[in-house]
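**Q** Here's the letter readout for the chains.
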Amino acid sequence: MNKNIIAIDDDQNILDLFRFIFIDDSNFYEEDTSFYKGEKFNLYLAQEGKKAFNEVKESFDNEKYYTTAFVDMRMPGWDGLKTAKKIRKIDDRIYIVIVTGYESSSIDTIQKELEHDVFFVKKPFNQAALYQMGRNLKNSWNRDEKLRRTTISRDYFDNVFQTIHDSLFVIDTKGKIEMTNQSAEELLGYEGDKLNKLNFLSIAEGPFFTSLFEALSEGAEIEDETVNILLDSGYISDLKTHFTNSEGEQIPVDFSCTLMRNEEGEIVNLIAQASDLRPDLKQQKQLKQIREERDKSYKELQQANQKLKETIERANRLALKAEKASIAKSRFLANMSHEIRTPMNGVLGMTNLLEKTELNKKQQNYIGTIKNSAESLLNIINEILDYSKIESNQMELDVSEFNIRSFLSDFLDSLAIKAFGKGLNFNCIIYSDVPSIVRADKQRLRQVLTNLINNAIKFTKNGFVLVEVEKPDKKEDQEQTYLDFSVIDTGIGIAKEKQSELFNAFSQANKKEENRSGTGLGLAISKNLIDMMEGSISVDSELGKGSKFKVTIPFSYTKFDKKSLSFTPAGKKILVLTKNKHLRKTFQEYFAYFGIENSIIKEFGNMAIEGKQITDLFIDSENDSANIKPIIEELEQDNKSINKILLSKVGSAVSNNVKFDSKFDKILTKPIKSDALIEKLETRSKISKESSKETQTKIKDQKGINILVAEDDKINQKVITHMLDEYNMNVTVVDNGLGVLEEIKSENYSLIFMDIRMPEMDGFEVTEKIRSDESSEYSSDIIIVALTAHAMDGYEEKCLAAGMDDYISKPVSLEDLKKVLNKYIFTESKIEQDKQNEEGTQKSEIPVDFEAIKQRVGGGEELVNQLINAYLDQSEELIDNLTQAAKNENIEKITDVAHTLKGASANIEAQPLKEISKKIEEKGKDKKLEDALGLIPELRNKLDKLREYIGKQA
Amino acid sequence: MKSLVVDDEITTRMLLDRMLSEYGQCDTASNGKEAVEAFLLAVKEGKPYDLICLDIKMPESTGDEVLEEIRKIEENIGVSEQNKAKIIMATSVNDEEMVLNTVVNLGCNSYILKPITKNKVVKNLKELDLIQE
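Chains A and B supply the protein sequences, listed in that same order.
Position in the first sequence (first residue = 1) + 6 = the numbering used here.
Position in the second sequence (first residue = 1) + 635 = the numbering used here.
The set of hints was computed from the structure by calculation and includes no laboratory data.
The structure presented is a predicted model; accordingly, all values stated were derived computationally and were not measured.
A few of these clues could be false.
What the hints assert, rightly or not - Here are the in silico distance ranges between beta carbons for each label pair:
#1 Lys707(B) x Arg452(A): 33 to 41 Å
#2 Glu685(A) x Pro694(B): 53 to 61 Å
#3 Gly659(B) x Asn409(A): 54 to 62 Å
Claimed, not checked - Capping the alpha-carbon separation at 30 Å, the derived lysine-lysine pairs in DSS-like fashion look like this:
#4 Lys751(A) x Lys646(A)
#5 Lys608(A) x Lys554(A)
#6 Lys931(A) x Lys724(A)
#7 Lys758(B) x Lys829(A)
#8 Lys128(A) x Lys88(A)
#9 Lys556(A) x Lys467(A)
#10 Lys758(B) x Lys724(A)
#11 Lys92(A) x Lys182(A)
#12 Lys860(A) x Lys637(B)
#13 Lys707(B) x Lys724(A)
#14 Lys829(A) x Lys755(B)
#15 Lys751(A) x Lys686(A)
#16 Lys707(B) x Lys948(A)
#17 Lys860(A) x Lys707(B)
#18 Lys951(A) x Lys753(B)
#19 Lys655(A) x Lys587(A)
#20 Lys587(A) x Lys554(A)
#21 Lys755(B) x Lys931(A)
#22 Lys948(A) x Lys934(A)
#23 Lys554(A) x Lys428(A)
#24 Lys829(A) x Lys893(A)
#25 Lys679(B) x Lys724(A)
#26 Lys958(A) x Lys753(B)
#27 Lys925(A) x Lys755(B)
#28 Lys755(B) x Lys948(A)
#29 Lys825(A) x Lys755(B)
Quick reminder that beta carbons are idealized off the backbone N, C-alpha and C, glycines included.
Whenever a hint applies, use it, and build me the whole structure from the sequences.
**A** Below you can see the structure in the form of structure tokens.
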């Protein structure tokens, strides 16, 4: 019997009491007669919950169990409830007696938490009662345990009995079936407990069974040998017999049987076991068939898969081959075209030269034809080259910033000459809200527009060709916009059904037309280029009436700033007279663009000029000359110094009407260009140019320029300051955004190089602070150039949007830095001047600058002499090396020697020698041996001059 | 401050020698081999160089090779980070990429763009805490 109990209380006195109650013999409470000590317990005492828990756990692992735990409720560490719960987790059977010192309202909670078998004893407790309790619980536990064990074995038996594969029957001596297992039910086809109500004899027939139960139930003497064997040995096996199932079918079984006797030796039960002997042919056959079918279809599937795989691979190979072939073809074409172009240049060049020699008329004619043919051949080749470049993905966009108005005027003239030559009107209207400074690939844009305009001129016999540039959305303050370029003509037009094919390669809409010439690639190339620029092209045309091609291309642009226009129209009153409505519109838009408000644009002949006092007059040469004279005379009466400008077609001789020449001050050629227009309007003084010169001189002194570098990376700091050292400017470095704000408060900086990512405050934030500064604590016109590691499109916009002026992407190159400084710190002419100085106009005349050496290295006469002598000795050797290398045509060696000479010459401030060495080095780097060799005599010459000069100085 | 100038070109050597001699002993070497020998000798004497100015472009072994070798030697004899020689690479503008590589990867401390001026040298020395402001 298990007598283990455990008591847990933080009070040692209580634990002593437990020991007394359950163990000790001493009559501690003698007077209590009811105190009964009949039984010894195994008592474990613990002063804290955790210790008790450990004991219970360790015991459990060693198969020693506690029946009851007396747990004090209030304890330091684990309280009673926690202890009880922990213990219960180990052993769920244990009785818990909660010993509590007060009426605890949490009894319900405890009961709930511990779920079962919890008892409560209130302190102070009656010792006898506690003892009784311990005893009862202990007994109760042991009883429970016995029951638990029986239950376990019964469960165990049931499980085994039910899971056995053979059929089992427990039968009483009369043949009544007491118990069967699952297999038995399945074998005989009975469900549930129907089988249990049957007599075994109704299942198993035959003399053996009849005799057996006769013997068992009536104790009759039996002659059946098998029965007697069974009765004697209590066991029989391997008896082949038949059972009858619920359907009445006979099932062959292998039968075994055991007799069970009670304690008195009487037979009480018979345990029969039967195994099914039916061959499972049908099932097996089915199974086999299924397996075969499965294998077969699996094989078929595998074969199909294999075929599919092969087909896909083949298709991929073919596709790849085709693609490779296509690219190779295009590449070949591109290369070939290039190869053809080279000799073509020879043909053209020579033809040009030949043209200038003395030739008779006939010969001149021939040359003219050769030239024309060669030029058109070259054009065709160029188109093929472009197309094949696009096809083989070799074409790349080269995006740069440019002024769209000057861009157009650069190439429209040559096209206009063609148009005017055909007697067509040609105008270009640029709407006033079109921004000037945009970013795009201008070469490609020009190619597209030239192609469209050329086509328009080619297919138009009379009427006009008009180019319009519009901004379709009227929103301002954006950094991205679409621009529409429309080329409108009054030519032969294109039939609707042909329009869709227009942009396909090698197709020409007007195949039968006499005008057909060229490759038919022009529009296809344009379409591809426009696609590359993420734009679109559309055509609107009617046969016999004309066409309109519209190209829409996205541009990023710098915000339109009218202040940047150098022209001030104050005091001007302008009159424009022309019959041509496109020309009138052109003027109107230009005037709007330049902010010229005081202007009258009239159709010629519709006279009556309001207010007069005209300061500038534009008259179209197309106007009826007879009427011009009186108008001018009238206007001159009003204002003697009126500025008269004749609008004349570009390329046409104005002298066809001499009268014009004498009357007019200036001629403005059509198509009208914005800068030319302004030039004609400006008075003769060149104020703007002079003022720009002033600003140049102002910033010439670089010493006064303060540059701030905000960058937290030490290496980058160093790189940038070193580079700036080259410019001899005052450079200050800070490593965070707050530093920038502090610096510019105290010092006047011209330019800040600002890292975007900085601690404390990033570049964007700092810029915004500076730009939005209302208290003018910082000079807000300070130039801010972002240093960004994000060489991504769009980041630039982000920088500009934050108010920065420009950006350089990291790693910073000297080239980038130079560009920025040139753009913002030195004016352009200044750089040129510098460059010239550097490359030797003035300084180069002096072979060596002694003063500069002294200044640079901080030394005196003596050092200079030493240096120069060393230099001369060394250069003897270097020149020898160079000569040797030249003989061996060793370009690397030449480059290296030139490099060394360059450095040495720079050290002694010998500019001419430095320059020539530099040139040789550069040629060497480009592997231009001949060029490099060609420069060596000059180097010798310069060195001789140096010696001579030094000799004179000495 | 003890320094070593390594350059195959004599005027640069002279200039640097002159400028650095103001702050203490300055030795010169005209190629990588001499430079490493001088460096080893100085170490042996127990008076290693505080500063080495290395030309990046020299015949035979180039500046970055010399730099690598010197740093390897220091590593091998266990020179602590702060006691390692400060090394300035001297270069012309077009080698810049290479210099950046040596700064970042090979452990040179600074670089100086040719042509060399006193200002640049002094600035570098200050930055490397070799001389006081």
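**Q** Need the status of pair Lys128(A), Lys88(A): alpha-carbon distance at most 30 Å?
**A** 19 Å, holds
**Q** Are Lys608(A) and Lys554(A) close enough, with their CA atoms no more than 30 Å apart?
**A** Holds, because 27 Å separates the two Cα atoms, which is no more than 30 Å.
**Q** Compare the distance between the alpha carbons of Lys92(A) and Lys182(A) with 30 Å, and conclude whether the hinted pair is satisfied.
**A** 52 Å, violated
**Q** Does Lys724(A) lie within 30 Å of Lys679(B) when you go C-alpha to C-alpha?
**A** Status violated; Cα separation ~33 Å.
**Q** Checking one constraint from the list: CA of Lys829(A) to CA of Lys893(A), max 30 Å. Satisfied?
**A** 45 Å, violated
**Q** Lys829(A) and Lys755(B): Cα distance at most 30 Å?
**A** Holds - the C-alpha atoms of Lys755(B) and Lys829(A) are around 26 Å apart, at most 30 Å.
**Q** If you draw a straight line from the CA of Lys755(B) to the CA of Lys931(A), is it 30 Å or shorter?
**A** 28 Å, holds
**Q** Between the alpha carbons of Lys860(A) and Lys637(B), is the straight-line distance 30 Å or under?
**A** Between Lys860(A) and Lys637(B) the Cα gap is close to 24 Å, so the pair holds against 30 Å.
**Q** Lys556(A) and Lys467(A) were given as a pair; does the straight-line alpha-carbon distance stay at or below 30 Å?
**A** 21 Å, holds
**Q** Compare the distance between the alpha carbons of Lys931(A) and Lys724(A) with 30 Å, and conclude whether the hinted pair is satisfied.
**A** With Cα atoms ~28 Å apart, Lys931(A) and Lys724(A) stay inside 30 Å; holds.
**Q** Lys755(B) and Lys948(A): Cα distance at most 30 Å?
**A** Cα-Cα ~29 Å, so holds.
**Q** Are the Cα positions of Lys860(A) and Lys707(B) separated by 30 Å at most?
**A** Between Lys860(A) and Lys707(B) the Cα gap is close to 38 Å, so the pair fails against 30 Å, i.e. violated.
In the structure shown, a violation is registered for the earlier hints numbered 1, 4, 11, 15, 16, 17, 24 and 25, in ascending order.
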